[in-house]
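Asker: One-letter residues, chain by chain:
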Amino acid sequence: MSPSPDHRPAAPADRIPGDPAPGAPVAAGPVSPDSAAADPAPAAGRLPHGAPHPAPIDLGLPLDAETARRRLAEAEQRGRSVPTAVPAAFITYGMLCVLGTMSTLGLHLVSRLGPTPGFDGKLAVLIATLAWVAVSILPTLLFRDRWRRGLGRRWLLLMGAWAVLWIVGVLVAESSLVLVIGPLFLALFVGALAPEASTVAARRAPTERGAETGGAR
Amino acid sequence: MTARVGNAEDGIVQGKGSQGEHPRFALEPTLSHPVRFSIVAALAAVESLPFGDLRDELAVSDSVLSKQIAELETGGLVRAAKSFVGKRPRTTLSLTADGLRRWKRHLEAMRAIVGDA
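Taken in order, these protein sequences are the chains called X and V.
For what it's worth, full-length UniProt numbering labels the leading residue of the first sequence as 1, then goes sequentially.
For what it's worth, full-length UniProt numbering labels the leading residue of the second sequence as 1, then goes sequentially.
Derived from the structure by calculation, the hints contain no laboratory data.
One should not assume that every hint holds.
[Said to hold, decoys possible] Derived Cβ-Cβ restraints for the label pairs, each shown as a range:
1) Leu126/X <-> Lys82/V: 36 to 42 Å
2) Arg111/V <-> Arg144/X: 33 to 39 Å
3) Ser83/V <-> Ala197/X: 26 to 32 Å
4) Arg111/V <-> Ile127/X: 53 to 59 Å
5) Arg101/V <-> Leu141/X: 55 to 61 Å
6) Gly118/X <-> Lys82/V: 48 to 54 Å
7) Ser83/V <-> Gly114/X: 47 to 53 Å
8) Arg101/V <-> Thr67/X: 19 to 25 Å
9) Ala134/X <-> Arg101/V: 37 to 43 Å
10) Thr199/X <-> Arg105/V: 20 to 26 Å
11) Ser83/V <-> Arg154/X: 19 to 25 Å
[What the hints assert, rightly or not] Heads up, incomplete: computed chain X residues facing chain V, CB under 10 Å, no partners named:
12) Ala65
13) Thr67
14) Arg69
15) Glu74
16) Gln77
17) Arg149
18) Gly191
[As the list claims (entries may be wrong)] Under 8 Å between C-beta atoms, here's a sample of chain V residues computed to sit facing chain X:
19) Leu27
20) Ala41
21) Ala45
Every residue, glycine too, gets a C-beta built ideally from N, C-alpha and C.
Sequences and hints are given; from them, build the entire structure.
Answerer: If you want it as structure tokens, here you go:
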């Protein structure tokens, strides 16, 4: 079933030159004279008795070295056309890491201040944190930019690392250990961003070099 | 696509490009079509692409892209996920794991062809 285009009216079917018409039979190539002599009219789909097993079919793809070279160049060019910018999802991740530090330190400060009648400090910190977590998702949803292949798996790992660190931070909020956990979010964000930035820089380099030389290589 | 029966004396077996075989036998037949090749080349570098973005990048019409995507889906190289953004339908395309593997093998075969020349 063909995927439907995104709410656009269907354009008249365009055929690529060389593209066989739908339903057109594939032209059969030359048949070995040996098999033809053995049985001039073999039944469809069955080998005549005693006939040698036919040689495997060569798809005969018309791909010479020059065509292969051009196709490889196209593949490389399309690979470089992936956006050369850090995805907006890292805005989300930055916000989450800030929230991680502030919420864990906030819970620690609340525990140090002691209980206040009529006010649950811990609950206030947690509610504020969750509200900003919800807001932090917005950049990823709003910008919807292309993610480089492999970023999906990295993203799951980064989110898992953040979740583990935050849960640990909430659990140890009353102890001094949180003074170690809190700043770890900073390290987590830098650790997440640095490889992404270097990947982007590496992808940008050939493009910018080409622009400087006027496209000549 | 024209099918040609090979000569038994060639000793060539349609295979996966194992040692001794011409690298063209490791080519992915589905990718012989230039638009399908371009589709997979574009999808190989990203996690996914919306249908409209891919159409604009390849500069083809909706119908051409739909048809070739359907071929690639049938061949197991591409996955099309349908969703809605509000009330607007959105089709997101991505390479399957098998598609990525076959794409890389196709590129290797082409590099071998270029290297043989």
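Asker: Evaluate each hint against the coordinates.
Answerer: Status of the hints after comparison with the structure:
1. Under the hint 36 to 42 Å, the C-beta atoms of Leu126/X and Lys82/V, about 37 Å apart, fit the expected range.
2. The hinted range of 33 to 39 Å is satisfied by Arg111/V and Arg144/X, whose Cβ atoms lie roughly 34 Å apart.
3. The supplied range of 26 to 32 Å is met by Ser83/V and Ala197/X, whose beta-carbon atoms lie about 30 Å from each other.
4. Between Arg111/V and Ile127/X, the C-beta spacing of about 57 Å keeps the proposed range 53 to 59 Å intact.
5. For the pair Arg101/V and Leu141/X, the supplied restraint of 55 to 61 Å is violated, since their beta-carbon distance comes to about 31 Å.
6. The hinted window of 48 to 54 Å between Gly118/X and Lys82/V holds, with their beta carbons roughly 51 Å apart.
7. Checked against the given bound of 47 to 53 Å, the beta carbons of Ser83/V and Gly114/X, roughly 49 Å apart, stay inside it.
8. For Arg101/V and Thr67/X, the hinted distance range of 19 to 25 Å is satisfied, since their beta carbons lie about 23 Å from each other.
9. For Ala134/X and Arg101/V, the Cβ-Cβ distance of about 38 Å falls inside the hinted range of 37 to 43 Å, so the restraint holds.
10. Between Thr199/X and Arg105/V the beta carbons are some 24 Å apart, a value that agrees with the proposed interval 20 to 26 Å.
11. The given range of 19 to 25 Å is respected by Ser83/V and Arg154/X, whose C-beta atoms sit roughly 23 Å from each other.
12. Interface hint at Ala65/X: satisfied, since its Cβ lies 3 Å from the closest Cβ of chain V, which is below the 10 Å cut-off.
13. Interface restraint check: Thr67/X against chain V, minimum CB-CB distance 9 Å, threshold 10 Å, status holds.
14. Because the smallest distance between the Cβ of Arg69/X and any Cβ of chain V comes to about 5 Å, under 10 Å, the interface hint for this residue holds.
15. The restraint placing Glu74/X at the interface with chain V holds, with a minimum CB-CB distance near 6 Å, inside the 10 Å limit.
16. The restraint placing Gln77/X at the interface with chain V holds, with a minimum CB-CB distance near 8 Å, inside the 10 Å limit.
17. With its C-beta approaching chain V no nearer than about 6 Å, Arg149/X sits inside the 10 Å limit, and its interface hint holds.
18. At its closest, the beta carbon of Gly191/X sits 21 Å from a beta carbon of chain V; the interface hint therefore is violated under the 10 Å criterion.
19. Proximity of Leu27/V to chain X holds as hinted, the smallest CB-CB distance being about 5 Å (cut-off 8 Å).
20. Given the 8 Å rule on beta carbons, the hint for Ala41/V holds: about 4 Å separates it from the nearest Cβ of chain X.
21. With 8 Å as the threshold, the beta carbon of Ala45/V comes within range of chain X, its nearest partner Cβ sitting at about 4 Å, so the hint holds.
Hint compliance for this structure: hints 5, 18 are broken, all remaining hints hold.
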